[in-house]
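> As they're listed, the protein sequences go chains G and Y.
Sequence positions in the first sequence follow the numbering used here and run 74 to 359.
Sequence positions in the second sequence follow the numbering used here and run 74 to 359.
Honestly, the hints are just simulated from the structure, not real lab data.
Bear in mind that the values here come from a model prediction, so they are computed numbers and not experimental data.
Hints may contain errors.
Treat identical chains as interchangeable: a pair holds within one or across any two.
Claimed, not checked - Mimicking SDA-like on lysine to any residue, the simulated pairs with C-alpha atoms at most 20 Å apart in a straight line are: (1) K152 <-> A219; (2) K211 <-> G286; (3) K211 <-> E107; (4) K211 <-> I280; (5) K152 <-> I280; (6) K273 <-> E247; (7) K354 <-> R321; (8) K350 <-> T76; (9) K75 <-> S198; (10) K95 <-> L154; (11) K182 <-> S108; (12) K354 <-> S290; (13) K310 <-> A332; (14) K273 <-> P181; (15) K356 <-> I124; (16) K350 <-> S290; (17) K310 <-> E123; (18) K182 <-> L154; (19) K356 <-> S290; (20) K275 <-> L353; (21) K356 <-> T195.
2 protein chains.
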Amino acid sequence: MKTIAVIGLGLIGGSLALSCRKNNFVQKVLGIDESATHAEQALALHLVDEITDLTTACTQANLLVLAIPVDAMVKILPKILDLATPNLVITDVGSTKQAVLESIAHHPKRNQFVAAHPMAGTEFSGPSAAFDTLFQNKACIICNAADSNPEAVAQVEALFRNIGMHLIYMNAAEHDIHAAYISHISHISSFVLALTVLQKEKSDEAIFEMASGGFESTVRLAKSSAAMWTPIFLQNKNNILAVLDTYRHFLQQFYDAIAKTDAEKLNTLMQEANAIKPVLKRKFER
Amino acid sequence: MKTIAVIGLGLIGGSLALSCRKNNFVQKVLGIDESATHAEQALALHLVDEITDLTTACTQANLLVLAIPVDAMVKILPKILDLATPNLVITDVGSTKQAVLESIAHHPKRNQFVAAHPMAGTEFSGPSAAFDTLFQNKACIICNAADSNPEAVAQVEALFRNIGMHLIYMNAAEHDIHAAYISHISHISSFVLALTVLQKEKSDEAIFEMASGGFESTVRLAKSSAAMWTPIFLQNKNNILAVLDTYRHFLQQFYDAIAKTDAEKLNTLMQEANAIKPVLKRKFER
Numbered sequence: 074m075k076t077i078a079v080i081g082l083g084l085i086g087g088s089l090a091l092s093c094r095k096n097n098f099v100q101k102v103l104g105i106d107e108s109a110t111h112a113e114q115a116l117a118l119h120l121v122d123e124i125t126d127l128t129t130a131c132t133q134a135n136l137l138v139l140a141i142p143v144d145a146m147v148k149i150l151p152k153i154l155d156l157a158t159p160n161l162v163i164t165d166v167g168s169t170k171q172a173v174l175e176s177i178a179h180h181p182k183r184n185q186f187v188a189a190h191p192m193a194g195t196e197f198s199g200p201s202a203a204f205d206t207l208f209q210n211k212a213c214i215i216c217n218a219a220d221s222n223p224e225a226v227a228q229v230e231a232l233f234r235n236i237g238m239h240l241i242y243m244n245a246a247e248h249d250i251h252a253a254y255i256s257h258i259s260h261i262s263s264f265v266l267a268l269t270v271l272q273k274e275k276s277d278e279a280i281f282e283m284a285s286g287g288f289e290s291t292v293r294l295a296k297s298s299a300a301m302w303t304p305i306f307l308q309n310k311n312n313i314l315a316v317l318d319t320y321r322h323f324l325q326q327f328y329d330a331i332a333k334t335d336a337e338k339l340n341t342l343m344q345e346a347n348a349i350k351p352v353l354k355r356k357f358e359r
Numbered sequence: 074m075k076t077i078a079v080i081g082l083g084l085i086g087g088s089l090a091l092s093c094r095k096n097n098f099v100q101k102v103l104g105i106d107e108s109a110t111h112a113e114q115a116l117a118l119h120l121v122d123e124i125t126d127l128t129t130a131c132t133q134a135n136l137l138v139l140a141i142p143v144d145a146m147v148k149i150l151p152k153i154l155d156l157a158t159p160n161l162v163i164t165d166v167g168s169t170k171q172a173v174l175e176s177i178a179h180h181p182k183r184n185q186f187v188a189a190h191p192m193a194g195t196e197f198s199g200p201s202a203a204f205d206t207l208f209q210n211k212a213c214i215i216c217n218a219a220d221s222n223p224e225a226v227a228q229v230e231a232l233f234r235n236i237g238m239h240l241i242y243m244n245a246a247e248h249d250i251h252a253a254y255i256s257h258i259s260h261i262s263s264f265v266l267a268l269t270v271l272q273k274e275k276s277d278e279a280i281f282e283m284a285s286g287g288f289e290s291t292v293r294l295a296k297s298s299a300a301m302w303t304p305i306f307l308q309n310k311n312n313i314l315a316v317l318d319t320y321r322h323f324l325q326q327f328y329d330a331i332a333k334t335d336a337e338k339l340n341t342l343m344q345e346a347n348a349i350k351p352v353l354k355r356k357f358e359r
């Protein structure tokens with residue numbers, strides 16, 4: 074009988090618990106959440122079978138998944154490895170990978186941990202946001218697999234494949250750069266857009282009357298949880314600042330072209346940006 | 074028998090032609106497009122009944138809709154008014170309203186024109202992007218209605234209501250400010266995001282392997298047509314530069330908070346941005 078323990082019963086942890094039980098990948102799901110309300114909700118929503126404590130999770134589970142903010146992750150992971158029985162396999166779902174791996178780089182049980190990043194999510198959070206198809210047909214990145222026990226890697230691969238993901242392998246440094254471009258900067262641009270329009274709304278209540286689908290799509294990620302994103306931005310600080318420099322460079326090009334009424338430059342910028350079209354088509358319409 | 078003439082048979086003009094014929098609001102649709110290919114496509118897709126010329130459109134139609142880029146609009150609208158029979162009602166679908174109204178401010182037939190902005194669109198363009206539910210349940214802004222003949226306003230209201238839109242009234246200056254916040258800045262932030270990630274892709278082909286739904290949503294508008302957006306950004310230059318100043322201010326706040334590892338500031342910024350949540354819920358989930 075295979076038992077999985079999920080630490081953190083929000084959107085990602087809750088969805089993972091639901092998905093892997095639906096497919097009978099596990100028979101029993103233990104859950105832990107530092108919020109008693111979330112723990113109760115997770116039980117009521119049948120995301121987990123039991124709420125438990127860390128020692129029980131580390132001794133009774135075959136597989137443990139960390140689905141908590143990345144600052145909490147680097148604190149708790151060494152303790153979990155301390156408690157882990159020799160057969161426990163541990164993985165995570167965090168959006169940054171270097172910091173979490175550094176936190177256990179010299180731990181004697183380092184090889185029981187497999188660093189993972191399932192690239193799936195919505196702008197909603199908490200147990201009630203969980204659903205069992207969140208991960209289907211999405212990519213999951215496995216980082217620095219060579220530093221983990223091959224059997225542990227195989228179990229983690231089986232978990233993510235079982236919930237419908239395809240696997241990509243890279244090292245943690247490369248992952249964090251890619252995540253800054255593909256995920257973290259999208260969130261910052263959405264948050265900034267929301268703040269910009271909300272400031273205008275203070276003096277002008279009617280502003281959102283005009284909001285259309287384009288605005289909704291671009292601002293959607295601004296609903297995301299601050300508790301989750303603050304530590305991601307800080308752990309991936311250097312990569313994000315570098316990407317923000319590039320972002321500000323192109324923003325300035327738009328600003329200058331508009332200020333100078335330079336139609337040709339604006340046209341060129343947008344035609345270059347249009348090169349995203351075949352990329353998105355290849356990626357999302359295949 | 075009511076005949077509508079649509080000038081510009083792309084996404085918006087084509088969708089409008091489809092929608093108002095489907096509902097039997099008009100019996101005949103005349104079409105004009107400066108691209109012979111688009112004109113042929115529009116005929117083949119049954120968006121329009123006939124391709125015609127401007128003189129015929131202005132003398133045979135009851136209602137004429139301008140659905141072309143806003144720089145072309147300000148050039149052609151005075152000519153259309155010159156040609157217009159006394160009963161022809163003219164409207165437009167442009168994303169800026171001050172420039173188009175200035176172009177005919179002193180025209181003797183000014184009151185046959187009703188300025189409109191249906192807030193609907195997708196990131197796709199051309200006749201093949203047209204579909205007949207594009208406008209349903211969206212807002213249409215009517216600007217400076219007091220300067221138009223009341224019967225002309227009534228006909229334009231009937232047109233947009235018939236294709237499923239609700240109407241909002243404001244003056245053109247107010248419209249252009251709102252559009253800068255709600256629509257134009259969303260497009261710029263998407264274009265800039267696309268350029269940022271595409272630059273990285275030049276050295277790193279694997280970057281899009283990791284792209285998830287959040288990235289797709291935020292970058293979607295970067296697929297939009299440069300020919301359509303360049304003149305919008307230039308006609309609404311001053312409003313857009315003012316909004317970009319606010320946008321750059323908040324972007325800098327994120328940059329500084331990350332650079333200073335200021336978790337509290339980052340938390341505050343994101344929690345403030347989260348105020349967009351009830352707004353979007355009210356607007357898009359009602």
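> Please go over all the hints and tell whether each is borne out by the structure.
Cross-check of the supplied hints:
For a Cα distance limit of 20 Å, the shortest separation of K152 from A219 qualifies neither inside one copy, at 22 Å, nor across copies, at 71 Å. In this assembly of identical chains, K211 and G286 lie within 20 Å of each other by CA distance solely across copies; the values are 9 Å between and 24 Å within a copy. Taking identical chains as interchangeable, the C-alpha atoms of K211 and E107 are never at most 20 Å apart, the minima being 28 Å within one chain and 43 Å between chains. Within a single copy, K211 and I280 get their C-alpha atoms only as close as 36 Å, which misses the 20 Å cut-off; across copies the closest is 15 Å, which meets it.
In the homo-oligomer, the alpha carbons of K152 and I280 never lie at most 20 Å apart, since the shortest distance is 50 Å inside one protomer and 34 Å across protomers. Taking the shortest alpha-carbon separations for K273 and E247, only the inter-copy value of 12 Å comes in at or below 20 Å, while the best intra-copy value is 39 Å. Taking the shortest alpha-carbon separations for K354 and R321, neither the intra-copy value of 26 Å nor the inter-copy value of 30 Å comes in at or below 20 Å. In this assembly of identical chains, the alpha carbons of K350 and T76 never lie at most 20 Å apart, being 43 Å within a copy and 37 Å across copies at closest.
Taking identical chains as interchangeable, the C-alpha atoms of K75 and S198 are never at most 20 Å apart, the minima being 27 Å within one chain and 52 Å between chains. For the homomeric pair K95 and L154, neither the shortest alpha-carbon distance inside one copy (28 Å) nor that between copies (65 Å) is at most 20 Å. Neither within a single protomer nor between protomers do K182 and S108 lie at most 20 Å apart by alpha-carbon distance, with minima of 28 Å and 68 Å respectively. Within a single copy, K354 and S290 get their C-alpha atoms as close as 17 Å, and across copies as close as 13 Å, so both meet the 20 Å cut-off.
Proximity of K310 and A332 under a CA criterion of 20 Å is satisfied inter-copy only: 7 Å between copies versus 32 Å inside one chain copy. In the homo-oligomer, the alpha carbons of K273 and P181 never lie at most 20 Å apart, since the shortest distance is 55 Å inside one protomer and 37 Å across protomers. In the homo-oligomer, the alpha carbons of K356 and I124 never lie at most 20 Å apart, since the shortest distance is 38 Å inside one protomer and 38 Å across protomers. In this assembly of identical chains, the alpha carbons of K350 and S290 lie at most 20 Å apart whether taken from the same copy (16 Å) or from different copies (13 Å).
In this assembly of identical chains, the alpha carbons of K310 and E123 never lie at most 20 Å apart, being 37 Å within a copy and 59 Å across copies at closest. For a Cα distance limit of 20 Å, the shortest separation of K182 from L154 inside one copy, 6 Å, qualifies, whereas the shortest one across copies, 80 Å, does not. For the identical chains of this complex, K356 and S290 are neighbours both inside a copy (18 Å) and across copies (13 Å), given an alpha-carbon limit of 20 Å. For the homomeric pair K275 and L353, the shortest alpha-carbon distance between copies (16 Å) is at most 20 Å, but the shortest distance inside one copy (36 Å) is not.
In this assembly of identical chains, the alpha carbons of K356 and T195 lie at most 20 Å apart whether taken from the same copy (18 Å) or from different copies (19 Å).
The structure fails hints 1, 3, 5, 7, 8, 9, 10, 11, 14, 15, 17 (numbered hints given earlier, in ascending order).
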